[in-house]
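K.L.:
Residue numbers (full-length UniProt numbering), protein chains in the order written: chain A, 1 to 364; chain B, 1 to 364; chain C, 1 to 364; chain D, 1 to 364.
None of these hints come from the bench; they were simulated from the model. Don't take each hint at face value.
One copy or two, either will do: identical chains are not told apart, so a pair holds if it fits within one copy or between any two.
As the list claims (entries may be wrong) - Taking lysine-lysine pairs in the BS3-like style, the calculated list, with each CA pair at most 25 angstroms apart, reads:
#1 K143 with K97
#2 K75 with K143
#3 K49 with K97
#4 K167 with K75
#5 K167 with K198
#6 K255 with K75
#7 K198 with K49
Number of protein chains: 4
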Amino acid sequence: MSGNTFGKLFTVTTFGESHGAALGCIIDGCPPGLELSEADMQRDLDRRKPGTSRHTTQRREADEVRILSGVFEGKTTGTPIGLLIENTDQRSKDYSKIASQFRPAHADYTYMHKYGVRDYRGGGRSSARETAMRVAAGAVARKFLEQRLGIRIRGYLSQLGPIRAEKLDWEQVHQNPFFCPDADKVPEMEAYMDALRKEGDSIGARINVVAENVPPGLGEPIFDRLDADLAHALMSINAVKGVEIGAGFDSVEQKGTEHRDEMTPEGFLSNNAGGVLGGISSGQPIVASMALKPTSSLRLPGRSIDVDGNPVEVITTGRHDPCVGIRATPIAEAMMAIVLMDHYLRHRGQNGDVQVSTPIIGQL
Amino acid sequence: MSGNTFGKLFTVTTFGESHGAALGCIIDGCPPGLELSEADMQRDLDRRKPGTSRHTTQRREADEVRILSGVFEGKTTGTPIGLLIENTDQRSKDYSKIASQFRPAHADYTYMHKYGVRDYRGGGRSSARETAMRVAAGAVARKFLEQRLGIRIRGYLSQLGPIRAEKLDWEQVHQNPFFCPDADKVPEMEAYMDALRKEGDSIGARINVVAENVPPGLGEPIFDRLDADLAHALMSINAVKGVEIGAGFDSVEQKGTEHRDEMTPEGFLSNNAGGVLGGISSGQPIVASMALKPTSSLRLPGRSIDVDGNPVEVITTGRHDPCVGIRATPIAEAMMAIVLMDHYLRHRGQNGDVQVSTPIIGQL
Amino acid sequence: MSGNTFGKLFTVTTFGESHGAALGCIIDGCPPGLELSEADMQRDLDRRKPGTSRHTTQRREADEVRILSGVFEGKTTGTPIGLLIENTDQRSKDYSKIASQFRPAHADYTYMHKYGVRDYRGGGRSSARETAMRVAAGAVARKFLEQRLGIRIRGYLSQLGPIRAEKLDWEQVHQNPFFCPDADKVPEMEAYMDALRKEGDSIGARINVVAENVPPGLGEPIFDRLDADLAHALMSINAVKGVEIGAGFDSVEQKGTEHRDEMTPEGFLSNNAGGVLGGISSGQPIVASMALKPTSSLRLPGRSIDVDGNPVEVITTGRHDPCVGIRATPIAEAMMAIVLMDHYLRHRGQNGDVQVSTPIIGQL
Amino acid sequence: MSGNTFGKLFTVTTFGESHGAALGCIIDGCPPGLELSEADMQRDLDRRKPGTSRHTTQRREADEVRILSGVFEGKTTGTPIGLLIENTDQRSKDYSKIASQFRPAHADYTYMHKYGVRDYRGGGRSSARETAMRVAAGAVARKFLEQRLGIRIRGYLSQLGPIRAEKLDWEQVHQNPFFCPDADKVPEMEAYMDALRKEGDSIGARINVVAENVPPGLGEPIFDRLDADLAHALMSINAVKGVEIGAGFDSVEQKGTEHRDEMTPEGFLSNNAGGVLGGISSGQPIVASMALKPTSSLRLPGRSIDVDGNPVEVITTGRHDPCVGIRATPIAEAMMAIVLMDHYLRHRGQNGDVQVSTPIIGQL
């Protein structure tokens, strides 16, 4: 109940601080019989890993995950899967300033209020480093969903500060360091980031994530709607300030005749719903979008207070992402995968298995 | 786990269909000793009630709530509070069409896929009528938060289709049928809605909700961040397609120097965070916003299919809100109250009570 | 989390005080498509109902249950099932004494410590009257288990004070007011109870409950072992002080060669395990037993204190069961049914459906 | 929901197989500010450790626990505490027989039915080795309870097969390898165990556990009664077949006048309740007792079947405890500590802190 667990049937519980001994996670409720090895997770971990381009933090973490339990002779056994990533690149440095000051827009101030104590090294528990474990756990969910149901989950950066991707070419997403699906915008992004880094400032971003081939029927009506759980999952990612499903905030100005997705025997004629009706998947692609704020770790000085309430000027040195959104795509995919996995198991528990083969109507 | 419960320590579990015998709810975990009567809930229920202006559905429901347990001699006892609202205005009508057709953008199609059976009368469980119980439960949370912590939760309609409120005058919010805080825009909204009704179409809306005087320290880091739980709560309201905290999607184009809320000994200098840092309340006002889609129950015909997969033209007669957002403000406030209440108890469980009197720094 | 909910996937949440307006319950997670009417529950409610013989309390409650939601056209819809029993026989009486005194061995003292306030009328929430709702909910579970899996759940009184049933003749269980399976002991029990009533004292009892035809594979290893959940469920019944599975406390003096249930291709050769190995059902009958303490509501005076800490002599008048165990058999059956139902759904969620038809080996 | 987590606010989630890479656990919800080091856990781990006398298994495990997170500068931070014990003494051996046979009274058969796959090395997840993590987690709870509330939790072996302890001398408990509180019985136990080992058989045991100085008010009425959660916790320990609270099964033959614990201004006059009334602690010592079955790993041949359903004769060689009860005392204490800790936090969440200093009446 202290918020370190996500999911009801497929549960992911994480631990670990940025500069502690290790990050870890327990996946409970994974169905038995799934072929699983470290390599399945490493692929996604490497996509999130820092230091792969000049546009992300230069902290170098191997982020090598070890499976400690729950897998036997290459297959999941149905028992909890323990995962561990040892922290390797914790530079010893002088933490006295960070220990006594509250960095603006960081969790320093609120953790102190909540707990009366905090591990200030590198942000401690509030560091986005924690998301490595989500990516590892998401890889397990993703593999199951793909093998069992043919679900494909993919994300991309749709906007970096003022620059919007205008084309969605999935082939391009992994051809550039931004997960940008519009090749034409990549040079602009490169230039923008280079200028930003020089300037010492940071910028926000928007990530979209799409799940295709999701069978209709997943999601619990009322409080645990599929979209509500997705909003929960995505908003729980560090720096996220907004979540949309389907048409999202555009719905505000839409008329009913425009928004409603009409149906024909061949399928839906539009997808303003983003694949969710009444909280339950419709068989259309699940489409979500999230806003990430600019990172607050800047070398440009900011006004703040110290732990005694005195005014201070804070400068954050060290290795930080000038745009945390750049590495967020694999995290968003992972959270989408975990949500869908959890809802698949929940659905199967109450209602029996989904009909994979014969949707009533086709997909858009 | 079937999604009809919200909250971990202050839990709200609802039941009931739109045209069934009754709606009900169990509030579990309410602290003992709170003075409580039906009147406390009725005030908010009446604000959500249909039929109070020509701009909402003309269905007339008394929505009179009865407390069946958990209150003794005018005070909560700490045992579960059972609430009941009997349904009174269920017109007997011919449901044969609605039984055999899937209304576009409704939950008909997805419920059928999920359960293989559905109560089609008035939308059954997927009807927004269910939210009456959230409002009743929210009133309990709100009262506790106000009395114990001095928290004030208020919402308003910030946009109705293309018309945006430009002033935030809390006094105005209850002076018009829209919960609009900008008196100058009310005539425009009136005219817009009249035209829309004539046209037979519907429109979306945006609701903002603000909690003031929230002590710093509420919220669980990682998955159950205060903002993540809020996103979950708001996205679980019927018709909601997007949620923002603080600067929300504007964060995408903000630079770090602009977004980060600097602090001085006198308080924060801005509130882009919306009162939440690292998932934990900062003592600033909690600010959330949500987008509601236009209602899909239209008398303008729409293409769809019947239960056998044949094409049909669907016309929805009956009494429906042309803008579901108009009645949504009390629901958003209720969900905000439930989230804060739950997190207050969760915080108190792990960390002991909050320091109400002496925040380190003042509020903006 | 305030303990009024049982189950993880098939959840039962109850509310209501002994002398309040009503008792109620929400069953969430029930699979759709189950034929269900009030009559299905009434049968078991009537078995638990007081006043059916001279050996139980003469309080007369109709205990008529109403289904308020979740059932449509005679079948469950998968949405929450709201149940209500209005209290009818609350005699108005003078509660001033009971309000100011703590009855020995009652929850008066502990509720007061916990909540600082209590509904003292008839025991309030701590009254065994609450178990009516468990019986109603258990009837739903029982019906599903029987229809879907062929599971049969039956209980009986195996001991009433010093008198032990020595034969297990299921036909006899419903031929006497004690649920005693040994007809020869009934006259002795009748005489014992008559003497006890005259004396003004009360007595304990032991109830056994057996589930047959449970498929192997139900139960979660480690903390939510099937037997651990059963122990939880049975110990949560008012007045229960001990729970055994299979050989129970006899295991203490058994040697391994005696206790271990050997297997042959035709089945197990004994059932000391009580149908559970490593926390998971083995396909053998699940066998549990529980001890109920004598009721503490006696007209024989007992020493106690009042709310101010002064010594008082407490005499409990009113209508009470001299042996609460007599009416406990349907409650034990109900809790067993709820546990098995919950574990069936949990199993199906993680592992897919059980193989009903082809157990590896036969049952004993 | 797959049963590897215990607790609602103070949650313990474990992973790991007997012969896998490591055992681990995440403690979530621990209050911040508690001084904690590995040594606090090691003390209890060493008490449970195998190989400390000739009467337990000769498997040698260092059982050295590492804290991986949640502790900073010697104090808990309120974030999850990750614990790890690497497995060191996994002898490589021939598992072909154990892989193809179901050992009688083991979880082999049921795991296979549940998951269709199992890690058969040393019992895999069903091995009592998992309880090492419970002991580690329990040590954290125990330390908090002691420091914050002055609660003391102690257990002892009250019966080993036919030999009952007749005196309760706490000083003796740690003076012998059995946790026996009656020094006079120790030689008899030694002789009994030596004979048993020679014989190749095993025997059951009974463990009692007592918590003193528990404040009144802990426990949630109805389903999560303190005694129900205790029964759940104790029954979840490997080999446990029965649980009693207070008078337990003796209640069956007690009359109400005998069982009810009368109160005077100086305190209770007896403790048949075992410290729990209506599911809530009364301030008296919490007293529980549990039965452990004899271990089923015997070198004396037993009839069973193989995975193909053919009859086989099973002989279990290797290093096994002839009486699993001998090492169970620290595990029972740990589970009691976790239950009390969880209920303390749950109580504090809903009701605010307990009054530690001024119980209304004294303890017995």
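K.L.:
It remains to establish, for every hint, whether it holds in the given structure.
P.N.:
So, going through the hints one by one against the coordinates:
1. For the homomeric pair K143 and K97, neither the shortest alpha-carbon distance inside one copy (44 angstroms) nor that between copies (33 angstroms) is at most 25 angstroms.
2. With identical chains, the CA atoms of K75 and K143 are at most 25 angstroms apart within one copy only, with a shortest distance of 12 angstroms there and 37 angstroms across copies.
3. Within a single copy, K49 and K97 get their C-alpha atoms no closer than 27 angstroms, and across copies no closer than 44 angstroms, so neither meets the 25 angstroms cut-off.
4. Taking the shortest Cα distances, K167 and K75 never come within 25 angstroms of each other, neither inside one copy (40 angstroms) nor across copies (49 angstroms).
5. For the identical chains of this complex, K167 and K198 are neighbours neither inside a copy (29 angstroms) nor across copies (39 angstroms), given an alpha-carbon limit of 25 angstroms.
6. Taking the closest pair of Cα atoms, K255 and K75 never come within 25 angstroms of each other, the shortest separation being 50 angstroms inside a single copy and 37 angstroms across copies.
7. For the identical chains of this complex, K198 and K49 are intra-copy neighbours only, at 23 angstroms inside a copy versus 56 angstroms across copies, given an alpha-carbon limit of 25 angstroms.
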